[in-house]
Amino acid sequence: NPCTMTSFTHSVFLASLLGVAAAFSPSSLIPARAAALPRSACRAAAPRVASVAMKYNLEHPKIANDITEVIGRTPLLRLPKEIQGECKAEILLKMESMQPCNSVKDRIGLAMIESAEKRGEIKPGETTLVEPTSGNTGVALAMVAAARGYELVLCMPESMSLERRVLFLALGAKLVLTPAGMGMNGAIKKAENIVEKLGKKAKMLQQFNNPDNVAAHMATTGPEVWEQTDGKIDVFLGGVGTGGTLTGTSKFLKTKNAKLLAIAVEPEESAVLSGGKPGPHKIQGIGAGFIPGNCDMSIVDDVVKVTGPVAMEMARRLGAQGILCGISSGAAVTAALEVGNRPGMAGKRIVAVIPSFGERYLSTALFQPLLENAQNQKADEIQEDIRAIYIKQLKQTADENYAQVKAASKVDKKK
1 NPCTMTSFTH
11 SVFLASLLGV
21 AAAFSPSSLI
31 PARAAALPRS
41 ACRAAAPRVA
51 SVAMKYNLEH
61 PKIANDITEV
71 IGRTPLLRLP
81 KEIQGECKAE
91 ILLKMESMQP
101 CNSVKDRIGL
111 AMIESAEKRG
121 EIKPGETTLV
131 EPTSGNTGVA
141 LAMVAAARGY
151 ELVLCMPESM
161 SLERRVLFLA
171 LGAKLVLTPA
181 GMGMNGAIKK
191 AENIVEKLGK
201 KAKMLQQFNN
211 PDNVAAHMAT
221 TGPEVWEQTD
231 GKIDVFLGGV
241 GTGGTLTGTS
251 KFLKTKNAKL
261 LAIAVEPEES
271 AVLSGGKPGP
281 HKIQGIGAGF
291 IPGNCDMSIV
301 DDVVKVTGPV
311 AMEMARRLGA
321 QGILCGISSG
331 AAVTAALEVG
341 NRPGMAGKRI
351 VAVIPSFGER
361 YLSTALFQPL
371 LENAQNQKAD
381 EIQEDIRAIY
391 IKQLKQTADE
401 NYAQVKAASK
411 VDKKK
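Counted from 1, the sequence shown has number 10 at position 10 by my numbering; the numbering is strictly sequential.
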């Protein structure tokens, strides 16, 4: 679902993120989805477009055998007109936030483990998987490792969100934090140390250089986008963390449309892809501070730089339109609008990746003011007339009970 089920506390907080007035009353707990149209009615209302015949199956199995079978096949969503504004290009969002563990990394979590199994490099119950991660790949690996029976150790910079830490532990992984100042390089070094200590028992999947990362997107994300757009796509755009999503998807799409533009998005504060120096930034999940082995710059046609504050503001605007997403999603949409407003882009179609769900960023600067407001919010006073009715009912019940006791007492005296 576009918004996953949460506890009441989170529901109130998420309601504030999405621009909904949260009222502490039983009626506010009734899900709006309960009154939604059935999916068949929504389909009937949408214009039908003939699809391109392909081997890739866009449908999930009716009944999945385990959680890994529902990875992928995420929908495309048109950018809301309130954000689209005067941009003449058509911008579509690839909603990777709707994966089972809410990020695009679910695809490579499955692909890297499954491919290593097929090559005989790892076995459940015998191999300890070790991986450096900024968060989302770690969550994906923890999900797949739990489903397949692997022990998993994740190394992550301490600057990443608290939600990520809890998710790792909830999915049964072990977590090792590394100094924030060392960025992903520190997490990679620590993972290498752990592998060296564990010896042959350990396997580091190494998302930054593992070709299974790119292959996963060539085999799934690329075909999905081509099928969903009926082959009508001019630009594919996304943030670069490992580079796997942009590289793999663009490689597939360029085999179908040689004129397609592949555009990378990176933090302006750490613009390594653009030839700048690495530095600290607020856009979690992209801008690792180096050019990953899986980022094939030969297929990248352009790089757009976005600042952390601008990316966060766009993520908040998306949330206000019902698209709750992370900071890198805000960066991607900002970049898509910048590209779409360029000369000659009128009527062109841009597909931008929404890599993760916003609930993973509740404790970060993205939603800090809202988090504080939600924590400090108090229950509303009950209206006086309702309280008076309640007290009257209590008094009436008490009077009736007293009358019964008094009557029983008189009977006893007569006896």
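Just so you know, these hints were derived from the structure itself, not from any lab.
For clarity, every value in this text was computed on a predicted model and none was experimentally measured.
Hints should not be assumed to be uniformly reliable.
Under the rule of at most 25 Å between Cα atoms (straight-line distance), these lysine-lysine pairs were calculated in the BS3-like manner [what the hints assert, rightly or not]:
(1) 88 <-> 200
(2) 118 <-> 232
(3) 305 <-> 251
(4) 232 <-> 81
Ranges between beta-carbon positions, derived for each pair [said to hold, decoys possible]:
(5) 177 <-> 375: 52 to 58 Å
(6) 397 <-> 62: 21 to 27 Å
(7) 375 <-> 338: 45 to 51 Å
For glycine and all other residues, C-beta sits at the position ideal for the given N, C-alpha and C.
Query raised in the report: Of the hints given before, which are not true for this structure?
Result: 1, 2, 5, 6 and 7
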